[in-house]
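Those sequence lines, one after another, are chains X and Y.
Sequence positions in the first sequence follow this note's numbering and run 1 to 206.
Sequence positions in the second sequence follow this note's numbering and run 207 to 477.
The set of hints was computed from the structure by calculation and includes no laboratory data.
Accuracy of the hints is not assured; some may be wrong.
[Claimed, not checked] Only some residues are given here: those of chain X computed to face chain Y with a beta carbon under 8 Å:
no.: 1; residue: 80
no.: 2; residue: 82
no.: 3; residue: 86
no.: 4; residue: 186
no.: 5; residue: 190
Yeah, the Cβ is synthetic: ideal placement off N, Cα and C, and Gly gets one too.
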Amino acid sequence: MKESSERQPGARRSRSGDLTPESFEALLDFLDEDRHLAGLHYETIRRRLVRLFEWRGLGNPDDLADETINRVARRLQEGTEVRSADPFGYFCGVAHLVAKEVARRAARERAALEREDWTPVPPPEEPDGDERLDGLRQCLQRLPPDQRDLVLRYHQASDHIRSRQGLSQELGIPMNALRIRVHRVRRKLEECVRLRLRVNALQVHR
Amino acid sequence: MRFPALHDEDRLRSYLLGLLNEDQADEIERRLLAEGELFELAEAVEGDLLTAALAGELPSPQRGHLLRRLTASPGGRSRLALARGLAVLGRDARSLDGVSLRLLERPAVRAAALAASLALAVGVFQLVTTTAVPGTENGANTIAQALPQVDPAPLLLQLALTGVRSGGSGIPHLEIPAGAPREVRLQLPLDPGETSTSFEVTARDAATREVVAAYPQVTARNTGGRRSIVLSLSSGQLHSGGLYEIEVRGLGPAGDELLGKPTFKVIAAPS
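The following block holds chain Y by itself, in its conformation from the complex (with noise of 0.2 Å):
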C-alpha cells in the first residue's frame, strides 16, 4: 500500500484547522475527492487533531476552530465523543499497567499472578485486577482478595456553579479511593433561569492550567427535577492533592457566557 507523502499531513493539518485560504483549502478538497489514500489519512489526522484538542496541546484558537466546526454536524459529534471516550479509557489502561508492573514486582504478588493463572486455567473464575496485601503468606488468601472488581459505583461530587472560588475554606474534597481508576461523576445544578442551549465546561489542574478534559458541547440533563450539566472523568485523570477548577461557559444566541468556575480538591482515601 502506498501512503501519502508526510508534507500532505502537514497540509491537511492546516486544512482541518482552518488555516488555509480559500484557494488552498478547495484545491485539497479536490484531491480529497479523488483520491483514497490521502481521504483516508484527512481522516486519521482528524482523529489526531481531535484528541491533541481535548488533551488541551492545540493552541486555543485552532481548537476553537476544530471544535465549532465539528460540533456543527452529528457525525462530528459522534466522532468527538470517541475521542473524549478513548481518551478516558486509555488513561485508564495506562493507570492500571502501571499498578499491574509495580504489584508484580513484588514476590508475594508474583506467587499470586502464577497461582491466579492456574485459577484461571481451570476456568474456576476471571482474574480482572490485582489487589494483593503486602505482605501475605499465603498465595489463595491473595487469590481471595483478588476476585473480579468489575464497574464499581462512580464516585459522586455535586459542584455549585457560583459562590465557591479557589483559596476558600469552603472547598469541596473528592475522596479518591486507592487501586484502579474509577469514574468520577461530576454534577453541577444549573439556575432554574439559565437560559443557555448547551454548555462548554473545561476540566484544568488549577495549579499548572493543563487542561484535564474539555467538552465542547454539553448539554444538561435532568436530575432530581433540576436541570444540572453531568460531567464523567476518570479518576486516572486526577491526582491526589490537586486542586481543579470546572469552567463552564453557556452557550446561547448571543455567544457564550461565563457560569462559573467551581474548584474542588482531591484527596486519597483513607485506607
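The shape of chain X in the complex, shown without the other chains (with noise of 0.2 Å):
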C-alpha cells in the first residue's frame, strides 16, 4: 500500500474506548507482522472505510469507522479465525454490517419524527463561502505554478469533456492519469483550506 501515514502504529485515536492494547495488538497482528508496514495498512484501511461511509450518505464516517475497525479488532482478539486471503474483504463485510444496521436505526428514527413534533436542529456552524472562497485563493496562490495552472485549466471551461481532452493530449497522458493528477492538486487544496479555515477559526476564538 501505497498511502503514508503521520501517525506511528499504535497511537491511533480510539473515540469510543473500546478498543484495548490487546484488540490493538491482534489487529496489528493479523494486517502485518511488520509493525511499521501494519500501521500503514492501518491508516490505509480506515481512510478507505471512512470514504467509503461518506459514499454512502453516512453523517459521521469517522465514528463508523472506528466502529468497523473496533469490531474487526474485537473478533481477532477473541480468536475468530479470519480465512480468506484478503484482509480487506472481512474489513468490508464488517462495513456492510455496520452500515446497514446505521440504515435500519436511521429508518427507526425517521418513523418516530413523523409521528411526532420535532424542532429543528439547526445544522453545526460551518466556515462562510466567502471565508472559503478567500483561503482557497490563497492556497492556490503557494501551489508551484504548473500545478496552480492545471488546476485551473481543468475547472474553467465550459465544454468540460472537450477541454480535458484538449489537455490530456497537450500533457501526452491519457485522461485517467489526467484526473489522478488534478485529484492530487485537488486534494492539497483541500488540506491547505482545511488547515487555514482551523487557523482562522482559532484567531477569532482567541
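Could you fit the two chains together into a complex? Lean on the hints.
See below:
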C-alpha cells in the first residue's frame, strides 16, 4: 500500500474506548508481521472506510470507520479465525453490517419523527463561502505554477469533456492519468484550505 | 504507474451516482478497499462529478443523489465547497485569459506589456492586470494605469425572496463594470418566521435555463440583525443583458419548500 501515515502504529485515536491494547495488538498482527507496515495498512484501511461511509451518505463516517475497525479487532482478539486471503474483504464485510445497522436505526428514527412534533436542529456552524473562497485563493497562490495552471485550466471550460481531452493530449497523458494528477492537486488544496480555516477559527476564539 | 481500466471509471461513476444495485455496490466497495489505484480513481471521478453537478451537467436525479450523499458528512461538504470554489476561480481565470489575449493584440498594449515586464524585472511593482486605454501613445502612461488592482470590493445586490417576478417592471439591476471579473454578492433576507434550517439555492440563466451556480446546502447568516442567505458569484459567470433567476428552497424536517424565485438583470456599468 502506498498511502503514508503521519501517525506511528499504536498511536491511534479511539473515540469509543472499545479498542483495548490487546485487541489493537491482535489487529496489527493480522495486518502484517512488520509493525510499521501494519500501521500503514491500518491508516489506509481507516481512510478508505471513511470514504466508503461518506459515499453511502452516512453523516458520521469517522465514527463508523472506528466502529468497524474496533469490531474487527475485538473479533480477532476473541480468536475468530479469518480464512479469507484478503483482509480487506473482512473489513468490508463488517463495514457493510455497520452501514446496515445505521440505515435501520435511521429508518426507525425517521418513523418516530413523523409521529411526533420535531424541533429542527440547526446544522453545525461551518465557515461561510467567502471565507472558504479567500482561503482557496491563498492556497492556489502557494501551489507551484504548473500545478496551479493545471487545476484552474481543468476547471475553467464550459465544455469540460472537450477541453479536458485537449489538455490530456497537450500533456501527452491518458485521461485517467490527468484526472488523478488533478485530483492530487485538489487534495493538497483541500488540506491547505482546511488548515487555513482552522487557523482562522483559532484566531477568532482568542 | 498502472492506471485502472476505462470500464472501471464507468463503474465508479455508476457507484457514486447511486446507479448500482446492492450486490454491485458491495462488490465495488470490496475492490475500493483493496485496490489503491482504483480508490484514488474513485476520488478523482467524484471530483469530476461534483464539478459536473455544479455546472448543471448531470441529470437531476443523479445530481440530487450525489449532492444529498455528500452533504451528509463534513468531509463531503468540504469537497463540495472546494469544487464550487474551483469552478468560480476557474471561470475567473478563463475571463482573465480572454482579456489578456485580446489586449495583447493591440500595439500600444504590447509596448506597455514590454515596459511593464521591464518594470517587473527591476522590482518596481507587480503587474497584476492590464487595463490599458486604446490609443495611448506613451507606454509609461499605460503602465501608470496598469497598477495592481487586487481584490476590489464585491458588487452587492439585495433581492427580495417574494414579490418580484420575471418580466415585471421592478426587476433589480446589477451593474457590472468592464474589466476583470469581480465578486458578486447576492443577499436575500429571510422572513422573520422562516423555520427552514438550511436552503438549497440554484442560480439560472432565465432564458436558457442553464444552471450558473448551485448551492445544495446554504445556512443563513445574520446580516444587520436579520437572517439572510448570502451567495457569492463571479461576474464572469454572468453576461450583460442576461436575466437571472435565483431559486431558493427551504430544507426542513418536512421536506423542502419553494420560498421564492427572485430575478435580476445584468447590465454593463457606464464607463
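Comparing the hints with the structure gives:
The beta carbon of residue 80 of chain X comes no nearer than 19 Å to any beta carbon in chain Y, farther than 8 Å, and the hint placing it at the interface is violated. Look at residue 82 of chain X: its Cβ only gets to about 14 Å from chain Y, farther than 8 Å, so that hint breaks. Here the hint on residue 86 of chain X is kept, as its CB sits about 6 Å from the closest CB of chain Y, short of 8 Å. At its closest, the beta carbon of residue 186 of chain X sits 6 Å from a beta carbon of chain Y; the interface hint therefore holds under the 8 Å criterion.
Against a cut-off of 8 Å between C-beta atoms, the interface hint on residue 190 of chain X holds, since the closest Cβ of chain Y lies about 5 Å away.
In terms of the numbered hints stated before, the structure departs from hints 1, 2, listed from lowest to highest.
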